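Novice: Sequence:
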Amino acid sequence: MNDLIKEKITIDIVSDVVCPWCYVGKRRLESALDELGNPTDVEITWHPFQLDPTIPEEGLDRKKYFIKKFGDEGRIQQMSEHLTQVGEQVGIDFHLDEIPNAINTFPLHKLLHVAGQEGFQPEAEEMLFRAYFTDGKDLRDTSVLVELFSKYGWDSEKVTQILADEAIAYAVRQEINHYQSIGVSGVPFFIVNNKYGISGAQPSEIFVKALATVRDEMIQAVQGDVCGPEGC
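Residue 575 is where the sequence shown starts when you use the numbering used here, and the numbers rise one by one after that.
Do not rely on the hints blindly, as some may be mistaken.
[Stated by the list, open to error] Only pairs whose alpha carbons sit at most 27 Å apart, straight line, appear in this in silico DSS-like list of lysine-lysine:
1) LYS732 to LYS582
2) LYS638 to LYS711
3) LYS711 to LYS725
4) LYS637 to LYS711
5) LYS643 to LYS711
6) LYS642 to LYS711
7) LYS783 to LYS769
8) LYS732 to LYS711
9) LYS769 to LYS582
[Claimed, not checked] Distance windows between CB atoms, simulated:
10) TYR770 to SER717: 38 to 44 Å
11) GLY611 to GLY645: 19 to 25 Å
12) GLU700 to PRO627: 36 to 42 Å
13) SER717 to HIS669: 39 to 45 Å
14) GLU692 to ASP712: 22 to 28 Å
15) VAL720 to LYS637: 23 to 29 Å
16) GLY611 to ASP712: 38 to 44 Å
17) GLU647 to GLN691: 39 to 45 Å
18) VAL718 to GLN659: 24 to 30 Å
19) THR658 to GLY760: 19 to 25 Å
Note that these hints are calculated values from the structure, not bench results.
Values in this document were obtained by computation on a predicted structure and should not be read as measured data.
Ideal Cβ placement from N, Cα and C applies to all residues, glycine included.
Given these sequences and hints, build the entire structure.
Specialist: Listed below in structure tokens is the structure:
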């Protein structure tokens with residue numbers, strides 16, 4: 575990025591933990607940032623979204639839920655095979671058949687909210703994506719969540735307190751409501767510098783183009799009109 579740019583380029587990502595395309599979109603964005611030399615003046619913030627807030631706290635049988643939502647098993651198999659192929663292209667080892675349950679993700683967003691406050695939200699997002707889509711972890715189980723977050727120094731008491739905290743729940747609901755109110759109806763959704771919206775897990779070159787456009791706009795805004803040796 576050009577040294578003239580002093581402000582951060584912000585990328586807000588609206589996502590749900592059980593959205594496979596959110597995981598793919600994350601990897602494609604990372605590929606774009608890698609292509610741009612991993613600029614240090616890009617700031618990424620994740621925001622919550624629930625694909626299905628009606629799922630009960632105890633969860634639902636995954637196979638029955640998917641059939642009800644997507645139709646027959648043949649269609650589900652086609653979707654699974656396509657996602658697996660796309661995952662291989664971006665370095666994700668999808669094991670969709672090993673997902674134990676369809677889950678309500680609201681408790682996970684509460685954990686991610688606090689992870690954001692403590693500075694490891696992107697790492698926590700990756701951890702939960704991998705746990706759900708690759709390792710087949712039961713993310714309804716508090717003991718599983720304690721095990722996952724222990725690497726960040728969280729113990730059972732802290733995880734339990736976060737899950738029970740109504741103030742955190744309120745903050746998460748407010749965020750979800752905000753992004754729905756501005757028109758986000760599907761995820762992933764990326765907002766660059768509060769100006770450009772990118773819907774879906776677009777190819778990495780789309781992210782490169784968007785970031786380059788924003789960078790050029792910021793440079794132009796910084797430069798403005800000048801006088802030189804030849805005059806003004």
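Novice: Run through the hints listed earlier and report the numbers of any the structure violates, in increasing order.
Specialist: Result: hints 1, 11, 12, 13 break, sorted rising.
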